[in-house]
Each structure stands twice: as C-alpha cells, then as structure tokens.
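Participant: Anchor point for the sequence shown: position 33 equals 33 in our numbering, and the numbering is continuous, going up by one each time.
Hints are supplied without guarantee of correctness; some may be wrong.
Unchecked claim - Pair by pair, the computed Cβ-Cβ distance ranges are:
no.	residue 1	residue 2	range
1	ASN102	LEU139	28 to 34 Å
2	PRO157	GLN2	24 to 30 Å
3	GLU183	PHE15	41 to 47 Å
If you're looking for bench data, these hints aren't it; they were derived computationally from the structure.
We treat Cβ as the ideally placed atom computed from N, Cα and C, and that holds for glycine.
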Amino acid sequence: MQRIRVLVVDDHRIFAESLAAALAAEVDVDVAAAGSAPAALRTLERAAADGRRFDVLLADADLAAPLMAVPPQGPARDGVPREGPPRGHPLDGIALVSVLRNSHPYLRTVVLADRDDPRRAAAALLAGASGWVAKDSSLSRLLAVIRGVLREETHLPPALLTGVLRELTAARKHRSESERLVESLTPREREVLRCMVAGLGRKAVAERLFLSPHTVRTHMQNVLGKLGVHSTLAAVALARRAGVGPADLEPATAGPLTMP
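Use the sequences and the hints to build the structure in full.
Facilitator: Set out below in structure tokens:
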C-alpha cells in the first residue's frame with residue numbers, strides 16, 4: 001500500500017493537531033502538523049533531505065507568519081515614492097502556496113478556509129493550489145480532495161464555480177492589460193522595474209545598474225507614468241500581474257558609470 005504523506009499548516013494549534021489526528025486514523029495516510037509558514041518550510045526541507053517528501057499540504061487560508069519582508073513606502077520626493085526599511089509582512093496560506101509552487105513543485109496544495117470566497121479561491125488557484133475546501137467540510141470530503149489532487153484533479157465547492165470562473169476571467173484580462181503596459185517600457189526601464197519588484201530603492205538601483213541616482217529617478221518616474229500608477233507598490237503589483245520577476249540580487253559585476 002502506497003502511503004500518502006500530508007502536512008497540515010495552521011496557526012490555530014488545536015485545529016491543526018485535531019485535523020492531523022483525524023487524518024492519521026486513515027490506514028494509508030501519514031500526517032504531520034506545523035503552526036506557521038516557516039515551520040512548514042523547515043519540515044518540508046527536512047523531509048525532502050531524508051528522502052521522505054510530503055505529497056499534499058493543507059494550508060490555512062488565513063495563516064499569518066512573518067516570513068517575508070517588504071519595504072513600506074515613505075513620503076514621495078521628486079515624484080518618486082521613497083521606501084523605508086524592511087518590515088515583517090504576514091504570509092497567508094495563499095502566499096505560502098505561491099512560494100511552494102517554485103520551491104517544491106512536486107507538492108500538491110489545498111487551501112482550507114473559514115468561508116467561501118470566490119476572489120480568494122481564484123487567487124489560490126492562480127498561486128498554484130489544487131483545491132479549496134471549507135474547514136467545516138466532513139473528513140470524508142477532505143480525504144476525497146486529498147486523493148483527488150494526487151490524481152491531478154482540481155477541487156472547488158460547486159457553489160464557488162461560477163464566481164471563481166468570473167474572477168479567473170477578470171484576472172486574465174488584467175494580466176493582458178498589465179503585459180501590454182510593461183511592453184511599452186524601454187529595456188532600461190524594464191531593468192529598473194525588475195529592481196523595484198526586488199524591493200530595491202533608488203540608491204540601490206543606481207548602484208546595481210551603474211547609473212546616477214538622478215538618472216534612476218528619471219527612469220522610475222517614466223515607469224510610473226507609462227504604467228499609469230502613482231506609487232512604487234502599485235507598479236510592483238502591476239508588474240507581478242504581468243509576470244515580471246525580481247532582478248537577480250546576486251552581486252553584480254563592477255562596471256563604469258553609464259548614462260541611459
């Protein structure tokens with residue numbers, strides 16, 4: 001009998017342990033529980049290193065853990081919003097799914113939610129989730145979903161289908177529009193945008209691209225104008241919708257100061 005390895009991630013410890021105990025009663029299920037996103041990632045890494053990878057992860061939609069740091073905005077100056085020092089940013093279950101899609105592509109993920117929400121369910125699917133299940137669902141329903149996603153099935157409550165399809169259609173439209181706007185940027189402006197997505201401020205971008213701070217400020221202003229947004233965070237959000245990834249933050253090779 002091939003056993004299914006399941007990891008439950010929920011910051012409500014009683015719920016996580018209770019669900020894990022219920023699943024463990026199944027003869028073909030091995031289960032573990034984690035109380036935060038960092039704990040889940042550590043558990044997944046250890047399991048992979050030991051050659052005992054998990055098959056399915058059940059993540060609380062409202063999971064909160066300071067896994068990421070993002071630069072909050074400060075007051076605008078010279079037309080470009082400034083960025084302050086990094087601060088902790090909660091990583092919910094949907095964001096965790098997105099992280100795992102890249103770091104553990106073999107893992108099937110299912111989001112557990114307190115309520116049905118078409119917008120968040122669509123976001124979960126776009127992030128890479130294979131299912132969305134209400135926390136008050138029966139154990140038999142949850143087990144059916146777990147076994148289904150391992151067969152490459154996608155599971156949603158029937159009542160959510162229409163709303164999720166509407167959200168996915170809208171998201172596709174927004175992505176197409178975002179891609180069109182990004183394509184209007186020059187190659188140098190796209191480089192600057194990727195640095196912004198990576199969380200770099202004006203000075204760091206200047207050092208990274210061997211440009212003067214004044215030139216970087218001009219490029220940032222042009223990026224915001226062409227994208228039709230008024231802040232760095234809005235530009236980053238649009239870039240992510242268009243599939244623009246962050247700049248590689250490995251040390252750059254030294255070079256001369258250049259003009260655009």
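Participant: May I ask which of the numbered hints given earlier this structure violates, with the numbers listed in increasing order?
Facilitator: Of the numbered hints, all hold.
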